[in-house]
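Based on the hints, put chain B in the right spot on chain A.
Sequence order for the protein chains is A and B.
By my numbering, the letter at position 233 of the first sequence is numbered 233, and the numbering carries on one by one without gaps.
By my numbering, the letter at position 90 of the second sequence is numbered 90, and the numbering carries on one by one without gaps.
Examples of chain A residues lying across from chain B (beta carbon under 10 Å, computed):
#1 F81
#2 T82
#3 C90
#4 S103
#5 E231
I should point out that these hints are in silico values taken from the structure, not numbers from a laboratory.
We put the CB at the ideal spot given by N, CA and C, even for glycine.
In case you want the letters, here they are:
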Amino acid sequence: MTAATQMQPRRCTLVLLIGVFALASGATAAPDDVAAELAAEGVWAYLDASGEVRPSGSFTGIPPDSALTAAGLEKRAGFDFTTEDPVLGCGPPGMPRALTAASPMTFSWNQDLLIIRYESMDVTRIVFMGKDAVPPRTPSSPDGYAIGRWDGDTLVIETSHLDGRIQDLQGTPKSDAMTLEERYDLEGASNEKVLRVDLIMQDPTYFSGPYVWHFDFVRKPDWALLEYACEERPAELTPGVLPTN
Amino acid sequence: MVSRALLVISSALPLCLCSSIARSHHSIGGEFDTETVTVNGVVTELRLINPHAFILVDVEADGQTEQWMLTMGPATKLIRGSGWTPDILQPGNKVSATGRAAREGKGMYIVELIKEDGTALISSLEE
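If we strip away everything but chain A, and leave its shape as in the complex, we get:
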């Protein structure tokens, strides 16, 4: 009997033990399975803190004053929504606002691209999977440049090159140095999976440190994204020009 054959029973035992441990811990899903589940039929809908599924997203809060630098507080205090909110003019909300609006969303894969669509404001976002670095001379943009990777079963998206548009209804600022890290985890039983999203924002100009958001989404297989087709209100009906007498 050779040394190799003598080792065989031990190796089988080891493999069996690893398998039992994996089953017991539930850590069996491979990224391909997770990727397929993210892109499964239907949409991901926001599950609010009370456990209610929101039909069209929800306000999810704004960073508190304590999270901002003095420059951030000053910028937010000077915000005038009537002239400085791009969304009121049907402009792009940009990241992270597209995500923090908790809109219904979908994931789809196209080779090395992940396409995330948010119903609110008809946002389509492209994530470049597996890239090592942002290409040179990449300009800043509302959604920035997003690179995705897998950390075990966790989808991680890192975004930079964001433009400086405001990030919420209260005019919380962001600078072009802001970076985002999103972490997506599927948890729960197979027919009741919850997509847990952690968003970590860092902005040395306007934030005093990393700021973390947390969102839960559930899959609604019978929903489809609706066309948002943002439409500005007629000029004669905007505030201040309604008849006052």
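Leaving out everything else, chain B in the frame of chain A:
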């Protein structure tokens, strides 16, 4: 000009409901006061659009007809969440609307909308 005192000012709505409207998904919340107001009027137009659907109604006050603009959440919420269709309200339908008064002009952000037959199209229990 018709005094706002002629309108029914609702103080029964819980404060938390008012603040939930203030937490609208974008800055349109800044257009509206915390004061709530109720009007009874006749629908002239429903625009089921995003990010904010609205209804135009004619309101009779002091023998004059005033046009009020009643603002709501996104059409996507009304369609998917409440089953609205563009013909859910027709010109000539009478409605009673309660909401946060506009800071300027004659308007509100609706928190409750009831048709003449008692059907609640928007419930004050909804956010």
